[in-house]
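Work the whole structure out from these sequences, hints included.
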Amino acid sequence: MTAPPPSVWTTLQILGSSTDFQTKVYRNDTAGLYLWVSYVEPMVDMEFVARSIFPYLFHCPFSSLEEIHRALPIDDAYISSDPNNVKEKLLEGYLFIRLHETDETGLLVKAQKTLERALTVPEVEFSVVGPKESFIESLETNLFLLRKRIPIDRLTVKMTTVGTLSKTKVAVVYIDGIANPDNVQTVLQRIEEVEFDEIIDSSYIVQIISDNRHSPFPQLLDTERPDRVAAVLAEGKVAIMVDGSPHVLIGPTTLVEFFSSFEDYFLNWTVASFFRLIRLFSVTFSILITPMYVATLNYHYELIPKDLLGTLITSRREIPFPPILEVLFLELTIELLREAGARLPTKVGQTIGIVGGIVIGTASVEAGLTSNVLLILVALAALASFTTPVYKIGNTIRLMRFPFILFAEIWGLLGVAFCFCIIVTHLLYLTSLGRPFLSPLYPPRWRDLKDALVRLPFTSQSKRPETLRTEQPIRFDGKKAKQKRDIDE
Amino acid sequence: MASVAERLQVSPFMTFFIIMSMQIGIGVLGFQRIIAETAGHDAWISVLLAGASSHLILILIYWLLQQADGDFVLLHQRLFGRWVGGVLSLLLVLYFAIIPFVVLNTYIEVVQVWMFPDLKTWEFSLALFLLCLYITFGGFRIVVGICFFFLIIPSYLVFTFWFVLDYSDFYQLLPIFDHSPSAILKAAKQMTLTMLGYETVLFFYPFIKGGKQSAKWAHAAVLTTTLFYTLLTILTLAYFSENQLQRQIWPTLMMWKVVELPFIERFEYIGIANWLLIILPNICLGLWCSSRICKQLFSIRQKMALLVITTICFFCTLWIDDRAEIDFANTILNRAGFYFLYIWIPCLAGITYIVKKVRGNV
Amino acid sequence: MSMRTALLIGVTVVLLCGCVRKEILDDINIESAVGFDEAGKEKIRGTIVIPVYKRGETANKTLTTVSSTAKDVLEELQYKTSEPLVSGSIEIALYGKQLAKQGIFPFIDQFRRDASIGTRLYLAVVDGTAKHLLEGNYGRQGNGIYLSNLLKQNIERRDLPKTNLHLFLKTYYADGKDPFLPYIRRVGEDVQVIGVVLFRGDRVVDTIGQSDMFYFKIVADGYSEGTHTVRLNNKKYVSIKNISTKRTISFSGPKTRPHIHVHIALEGIVREYKHGPFTSAVRRSVEKTFEQQIRSQTEALLRRFQEKQIDPIGFGDLAASRYRQFRHRDFYKHYSQLPIRITADVTIRDTGIIE
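Chains as they are written, first to last, in the working numbering: chain G, 1 to 489; chain Y, 1 to 362; chain X, 1 to 355.
In case anyone wonders, no lab produced these hints; they're calculated from the structure. One should not assume that every hint holds.
Unchecked claim - Taking lysine-lysine and the PhoX-like style, the derived pairs with C-alpha atoms no more than 20 Å apart in a straight line are:
1) X:K131 with X:K97
2) X:K274 with X:K236
3) G:K87 with G:K169
4) G:K306 with X:K61
5) G:K24 with G:K158
6) X:K101 with X:K43
7) G:K87 with G:K113
8) G:K306 with X:K274
9) X:K97 with X:K41
10) G:K148 with G:K158
11) Y:K120 with X:K43
12) G:K306 with X:K152
To be verified - On the chain G side, residues computed to face chain X include the following (Cβ under 8 Å):
13) Y299
14) E302
15) P305
16) K306
As the list claims (entries may be wrong) - To give a feel for the contact side, a few chain Y residues facing chain G, derived at Cβ under 8 Å:
17) V110
18) V111
19) W114
20) L131
21) G210
22) I264
23) R266
24) N274
Being a predicted model, the structure only gives us computed values, none of them experimental. Just so it is clear, CB atoms sit at the ideal spot from N, CA and C, and this is done for glycine as well.
Here is the structure:
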């Protein structure tokens, strides 16, 4: 038995099974007409309707839908008889006005309720200097924040919808003439191919369109700062904005970008480079220090300098566990603290933090369950892993520690070296939108190194990054920026 | 002509890293003793000679590559017919297949003597070969990435030799040329195994963008390796007395014993762990080259060839595991390398030249 | 997916079976010093010192046993400990005087073959028995560190020439040089460096006392940094500190019977002089006296070496670097008669802070 073709009437019937779908009858005295107005109540801004629509609707003289259309001062209104369109718009918060109860044609008028968060300070990527605007959940506002910063005509926005149930609007933004069309095409194509029912957040999109889904390393950068998106669009990247998500995705990206905070660009380049190097060092320290502890204490006591030997031995003397158990116990405790701290309500959170951090730590040392040296190392390593400006890579780093610890337990230093080889190989496999993930380290791009591990001054970065293969590589005339003068001239 | 899609190719600059990381392998740990036995304190001259001759052979190699349009297997076929050419290429498959397990076995032996006497050969070998499969299955670009990183990252080890200077007597190198030229030449021949590595260019040439430009980088690599080895030899000769050197199987490792950093003593353990990074490209390139030749000869999938060759190498590491047998394998590799590079390549170049004159082209 | 599963299986197998024998830091006994003595006919007494770490000072525990070979001795000591003994951190190895006279090579050899022993290990010969010396309690960080610091400090700032396991082996195996080691003695609760012992091969044949160490170090190492007291002829003393020393050894004549010329150039400053102002006349006389002293003392030292047929300075090796096709055998045939000429040149730079 075939289903009857959809009609507006059946659509309204289906919608009518929800109590929040209303169809009300009003009478326009002036025209002597009855009007059937259907809408989904939670989606409609009743105040706006009462202020801007109903006065015209109930008091103007008209005799047909077209005249109503002309009379209403609402821009986004049109006449439609397509049931799917009607359904879609009703669910978005449009009013459906008909002249008779059984009419198949009606006027759709936009009366959407917009309720959004006020613009706030970025929570994850807070910076001391520089603008403090952050994206919010509404796509329109986000586009506004972005277009404000790149007010040129070639800033292109392409909108699509993804998600069969959520019908989320996704906007792909790029600067035409700078961004490589291949990158854009890849993004657009992948988003088209997304098959999912409910897309809640941009991170869903990331996980679905990533090049290597099984890798713990993120391959698209996400940010909540409009200034960062504007800067990278100028470099030639592509941005993906998802309605309902304050995080905007940027691609193609490389590993070194995950360690650069946007604040680096607001500081002097020497200071910024220094901080970047500290960050890289702290990440390496964070990953390697606990495995080195395990490896050295298990197998390589000869590596420890004599002066330190006494301290280590006395600190470990009362501990009943072998180093690996000690390390795992402490690492898991720190992860526990972190997870618990993330879910506790703020009032309780601070107390638990102090209790957990100080009391448990000191108490376990006093009780002889862990050694104080290891406690310091693990705490420092945990702290160091939080220096990454991008939240996602911090998680990956905390995860990375565990394979190293396991290999250090089996083969000591050799295991650490072996695990390192595995990680490097894995990173070599990764691509971001088809571009190598480890660029500019490998394949080495000398031009791009100016903004990778250190950040050289703006005047020396007159070309756009090579990895993006932009259509217009020159940003500004580099030679003009420098002027040579002799002494006392 | 073996042409390769452009997206799979690497820039010619990478040739430097590929060749240098292939050359620096397991030989560096102990070559000084062998050449000092023949040429005494003039052994560093042998190193320079070996390097100079390598440059000459490299020139011949590039000339051959130009003649053969980048396809060495095809060259064998064209010159000697399908069957004989095939056999010759098959010998090369064996040659490149021996390298992984000789390198790995020697390394495992070093680890077993210096670090973990009860490390089971099979498990470390299994783990390493699995890792190499992971690397080689990613294609040439990943192998080159490994060559690149694992040449740069361990390069800091060069600075550790600073500590050796305190205990070195450079007058031990005098007088220069105190040994007969034949001894010096013989020692140069013994250096072949340590200098081997640049012959791989015969097989990865199609993967280089703008093949001819890579010649200068290849020569730069051989030059840097030669200079590094010469420096190392000079340091070794000054650090040990001659008789003492003869009693060290791995002089380079002994030299690391004297390094003393403020937070680490006994640096040789770190050196050995880092050495894993240095030999990994050797093993991967060897596996890649031999499977690539197999692919061209037998038209089988390279992945299949890789699996087969790796399995055979793995079993070889299990069976050939005592000191004398490993030494023997090293000697065979040395001889094979010498005959391939210094005898076969010039002969081939000569034959190609004649054939070219006669036939017009190859 | 089959590749992935194979990989996973491989990884799991490796991880499960992959263990190597551990030496967990607090479950082992770390030897920090060893000593060997003679113990009757064909028997060796071995002593080891194990630091006992505590908060604050480190105590020492000594273990000793007697056995017939060097290897056995250290192995037998395992019977006396509850935790395994490991030798990777040995700082110093001592040899009793009697044992050293009979030859110490077997004991050095076992260090050479053990991959876990560093080549910065110090070696020394004890005036007395190693056991007696090791049983004392010196310093705050344990005997091993105390002894190695003692030697290290004397090498860097005083008159002990550079020496450790590597250098000992280097000179032992060299054809043109003979090894030497520091000579120490226990004095109450301290240990003193009292000289240098000289070896022929691996046996002790001679000793250099404290007064001659200064000259020996200048000729052997080529530099010295210590302070030396010059005695002037009229019972006056002046104390000179070395700033820089340079020693040049040159050979002339045929390679089987070369003439050896040792030239020492020394630059120093006055440390202490209490007999009036230090005028330039006084300075010159001090310089001359010092030169004279250097000449005579060094000459006596070298003469002694020639008579005993030992070559700790390494004239043989130095000559080998000057002559082509040198044969050590021919050189040493006439070693005791080789003419050695010493010249010295002392310059006193200034007089310190005050006049």
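Here is what the structure says about each hint:
1. Of the supplied pair hints, the one linking X:K131 and X:K97 holds, its CA atoms being roughly 12 Å apart against a limit of 20 Å.
2. Straight-line distance between C-alpha atoms of X:K274 and X:K236 comes to about 8 Å, which keeps the hinted pair within the 20 Å bound.
3. For a cut-off of 20 Å, the pair hint linking G:K87 to G:K169 stands: about 17 Å separates their Cα positions.
4. Annotation: proposed proximity of G:K306 to X:K61 holds, straight-line Cα distance about 17 Å (limit 20 Å).
5. Between G:K24 and G:K158 the CA atoms are separated by roughly 37 Å; this puts the pair beyond 20 Å, and the hint is violated.
6. Taking the CA atoms of X:K101 and X:K43, the gap is about 15 Å. The hint holds against a cut of 20 Å.
7. The straight-line distance between the Cα atoms of G:K87 and G:K113 is roughly 17 Å, inside the 20 Å bound, and the hint therefore holds.
8. A distance of roughly 44 Å separates the Cα atoms of G:K306 and X:K274; the hinted pair therefore is violated under the 20 Å criterion.
9. As the CA atoms of X:K97 and X:K41 are separated by approximately 16 Å, the hinted pair is consistent with the 20 Å bound.
10. In summary, the hint linking G:K148 to G:K158 is supported, as the alpha carbons are separated by about 17 Å, within the 20 Å threshold.
11. Distance check on the hinted pair: Y:K120 and X:K43 sit about 38 Å apart at the alpha-carbon level, beyond 20 Å; violated.
12. With a CA separation close to 14 Å, the supplied pair G:K306 and X:K152 stays within the 20 Å bound.
13. Using the Cβ-Cβ criterion of 8 Å, the hint placing G:Y299 at the interface with chain X is satisfied: the shortest such distance is roughly 6 Å.
14. The interface hint given for G:E302 holds, since its Cβ lies 4 Å from the closest Cβ of chain X, which is under the 8 Å cut-off.
15. Here the hint on G:P305 is broken, as its CB sits about 10 Å from the closest CB of chain X, past 8 Å.
16. With 8 Å as the threshold, the beta carbon of G:K306 comes within range of chain X, its nearest partner Cβ sitting at about 6 Å, so the hint holds.
17. The interface hint given for Y:V110 is broken, as the beta carbon of that residue sits about 11 Å from the closest beta carbon of chain G, more than 8 Å.
18. With its C-beta approaching chain G no nearer than about 7 Å, Y:V111 sits inside the 8 Å limit, and its interface hint holds.
19. Because the smallest distance between the Cβ of Y:W114 and any Cβ of chain G comes to about 11 Å, over 8 Å, the interface hint for this residue is violated.
20. A hinted interface residue such as Y:L131 counts as satisfied when its beta carbon comes closer than 8 Å to some beta carbon of chain G; here the least separation is about 6 Å, so the hint holds.
21. A cut of 8 Å between beta carbons decides the hint on Y:G210: the least distance to chain G is about 15 Å, and the hint is violated.
22. Among the interface hints, the one on Y:I264 holds; its C-beta lies about 6 Å from the nearest C-beta in chain G, closer than the 8 Å criterion.
23. A distance limit of 8 Å between C-beta atoms decides the matter here; for Y:R266 the minimum to chain G is near 4 Å, and the interface restraint holds.
24. Hint status for Y:N274: holds, given a least beta-carbon distance of 7 Å to chain G, under 8 Å.
Hints 5, 8, 11, 15, 17, 19, 21 from the earlier list are contradicted by this structure; the remaining hints agree with it.
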